[in-house]
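Peer 1: Protein sequence lines correspond, in order, to chains U and H.
Take the first sequence: its position 399, counting from 1, is numbered 399 in our numbering, and each next residue is one higher.
Take the second sequence: its position 346, counting from 1, is numbered 1346 in our numbering, and each next residue is one higher.
If you're looking for bench data, these hints aren't it; they were derived computationally from the structure.
Everything hinted at is true.
So these bits of chain U aren't anywhere near chain H, every CB distance computed over 12 Å: (1) Lys198; (2) Gly284; (3) Asp311; (4) Ala405; (5) Glu435; (6) Leu440.
For lysine to aspartate or glutamate, the following DMTMM-like pairs were computed, each having C-alpha atoms within a straight-line distance of at most 25 Å: (7) U:Lys5 x U:Asp394; (8) H:Lys1124 x U:Glu2; (9) U:Lys432 x H:Glu1175; (10) U:Lys90 x H:Glu1175; (11) H:Lys1125 x U:Glu2; (12) H:Lys1432 x U:Glu175; (13) U:Lys247 x H:Glu1010; (14) U:Lys124 x H:Glu1002; (15) H:Lys1124 x H:Glu1065; (16) H:Lys1247 x U:Glu10; (17) H:Lys1090 x U:Glu175; (18) H:Lys1090 x U:Glu69; (19) U:Lys90 x H:Glu1010; (20) U:Lys5 x H:Glu1010.
Going by beta-carbon spacing under 7 Å, a handful of chain H positions derived as facing chain U: (21) Leu1007; (22) Asn1009; (23) Ser1072; (24) Leu1076; (25) Pro1107; (26) Met1146; (27) Tyr1169; (28) Ile1172; (29) Met1173; (30) Glu1175; (31) Arg1375; (32) Leu1420; (33) Tyr1423; (34) Asp1424.
In this text the structure is predicted, and so the values were computed from the model without any measurement.
Glycine included, C-beta positions come from ideal geometry on N, C-alpha and C.
There are 2 protein chains.
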Amino acid sequence: METTKFLLNEREMPTSWYNILPDLPEPLPPVLHPGTGQPVTPNDLAPLFPMGLIMQEFHPESYIEIPEEVQSVYHLWRPTPLYRALRLEKALGTPARIYYKNESVSPAGSHKPNTAVPQAYYNKKEGVKRLATETGAGQWGSALAMGCMFFGLECKVYMVKVSYNQKPYRRIMMETWGAKVVASPSTDTNAGRSVLAKDPDSPGSLGIAISEAVEDAGPREDTKYALGSVLNHVLLHQTIVGQEAMKQMEMAGYYPDIVVGCIGGGSNFAGLVMPFVKDKIKHGKKTRIIAVEPEACPSVTKGAYAFDFGDTVCTTPLIKMYTLGHGFIPPGIHAGGLRYHGMSPIVSHLARLNLIEAIAVHQNATFQAGVQFARTEGLVPAPETAHAIRVVIDEALLCKKTGAAKNILFNLSGHGHFDLGAYDEYLAGRLKDYEYPIELVKQALAELPKVA
Amino acid sequence: METTKFLLNEREMPTSWYNILPDLPEPLPPVLHPGTGQPVTPNDLAPLFPMGLIMQEFHPESYIEIPEEVQSVYHLWRPTPLYRALRLEKALGTPARIYYKNESVSPAGSHKPNTAVPQAYYNKKEGVKRLATETGAGQWGSALAMGCMFFGLECKVYMVKVSYNQKPYRRIMMETWGAKVVASPSTDTNAGRSVLAKDPDSPGSLGIAISEAVEDAGPREDTKYALGSVLNHVLLHQTIVGQEAMKQMEMAGYYPDIVVGCIGGGSNFAGLVMPFVKDKIKHGKKTRIIAVEPEACPSVTKGAYAFDFGDTVCTTPLIKMYTLGHGFIPPGIHAGGLRYHGMSPIVSHLARLNLIEAIAVHQNATFQAGVQFARTEGLVPAPETAHAIRVVIDEALLCKKTGAAKNILFNLSGHGHFDLGAYDEYLAGRLKDYEYPIELVKQALAELPKVA
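When you get a sec, could you build the whole thing from the sequences and use the hints?
Peer 2: Here you go:
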């Protein structure tokens, strides 16, 4: 029987995160203060984040040691297994070899704890007692609730009201780990109260929830804010995924020709691919590295590369990124983790430098791929992950035509246990594909902030 | 850092199942034909099961080779990891070492696929096209839906109506793998129609669902029936768990002093413990082996050891087992997998021979243990599994008093991702403890079948 599972033991887990910043062929554009238009300083960020994380945003060295306390928590599910999807290959009749890194094995069900745990750790270390955050579908909120639990921090999650009502299991999971969860807009903040005053039935949005969490954290000495994607330090923490995968591909005996991940804010994708991007920069590797986004929210394939706000209500610094405009509200696709108007600065920069490419796919095609994966490999993937699988299958089918036995690696970023409602709609033929809403994007892009 | 994770690679996965029958110090009482009162023959069982499985019920040898096709599917999640629960130990302040075998990593989320996959395989091998089964909370139905998918069999699941309505995600998971799921009582069978004729709003029961599945399979040439616990061949397939755990405990450097599992029909418990029971029988080991059952459905601690029907409507052969009476309907505790009036013949026999012991625990105490586990080790366990964890914690706290550094091993039989509604009730203080319903049991035991 062929080997299909490549395992590392605890001692083989990487003990440093890989920081791509010093290896970039051109430096990353700075983040700007929205008032002054000048690059933000560490002190500008201090009300929201602990200095340990802020300094990682600007870190000059290629590797940052993972604190022992964080490694010890990682060991609860890391190193994660790398699988060869032999049954999927056979079903496709492809000569390609398909490998996936299984990040769904964390207790929260996705890659998100890789950053939630160190974020909780660095906050704890600097005396913070409490973290506030927002969550949409709940993957990030769950991960942070768990991270805070390990380090004895309180955790307050502002959960977009429509998800709070539709996904009670995610809420209960956070509460089981001890977090306090409220539906956003809530009456706990000025931002929430002002929205409710205008519209008591507001379904909420990620933009509103961010405003609530930031307002919660800003003035309180004991509380900081935590973000689950986009920022450099978040992507940094995810590089444990790619470093493990590289070792495991060595065990498998192949270097990937194609590496694939889905992108919302960009962290699971960047975490897997950055060590392979390094090989392109440093060793001239020709790997194709593909980011997959929803056709309904195609920031990299159709957005502008510009300075924009990270949130809807214009409270964050200005970030140079691919964006559909901070005012753009993506259509209600089920891959809630990919409904973000922008893209992390690092992923945007890598796309700009042609070190990675992006592809947009439709919702029904992604669920078709997700079901095909479940019916061959067993595991039911998250709708976000199914975006990556769609492109993996397409590339494998291309190999069938050309006869090329390419090695394809992708990040199985999460399971779909809490997304089965979406599978139900797909199986019943009720799922809608959304065309790229070009007029709404035009309007949103017209309102990009002016930067000198 | 101390090692907390003990992994086997694919080549180290056991390639045989362990069959305890020839090693028992006294032979297992035969299963009786309800009409004749004589031991059933393989032919009596042929309408419901393929001969490959039937012969495993009576197998005379200690080991049965696992077919390569089954091993290949097992590799999708097996060997499963064994963990040391160091964070739980610290939280308890116990000198005990606590280890758990994590069966929640299968795509269906529990140990059930260990038998669903070979059951589908042996049926396929004998030309069966379609399997019918019942499911309560959905763990077994999910596992069989997945097992059938791997071997191209159709799968029809009669899901108890109250669960069908309360747990749509389990239903969708089965459908995602291609199974057909109906709420039981259904209009698809005489049994279902007759129940609906009397009570159109019947919430259903496992007993009714079994009758529907058996009726579905019985007369059809192309269809057989599949059961997720109780029978010898089901327990046999689960011994892969205990054999792996034994190797992993060797890696950890300790032989367990106490081995714990929860019991409903008995399969996850038996699968873990039977190799350790063998060591007691053959090598005089003094291991304490503890089966944990709900106080609301305490078949081994409070039931009679007698011949009884396996189902509520008296269609199965008569099984010598600990039973609360086939007419006993257990109170509505959330650990649906433990709501069974009887106990597998092998587990009953082992208890009778004092090779294992049983303990009954209350619902709130089990959820308290489940939450403590989630808040230390991260993973949210299934309510069934939380029964085992309750006793593990109690034993570890006893070690704290006595100072004994005992080694405790338990089976983490499943995750609680689809049981979070029960956690919600527990956290809100709404969960009820059910006293042992002694009068109902007395009535049910008065109706045990008479055997000469």
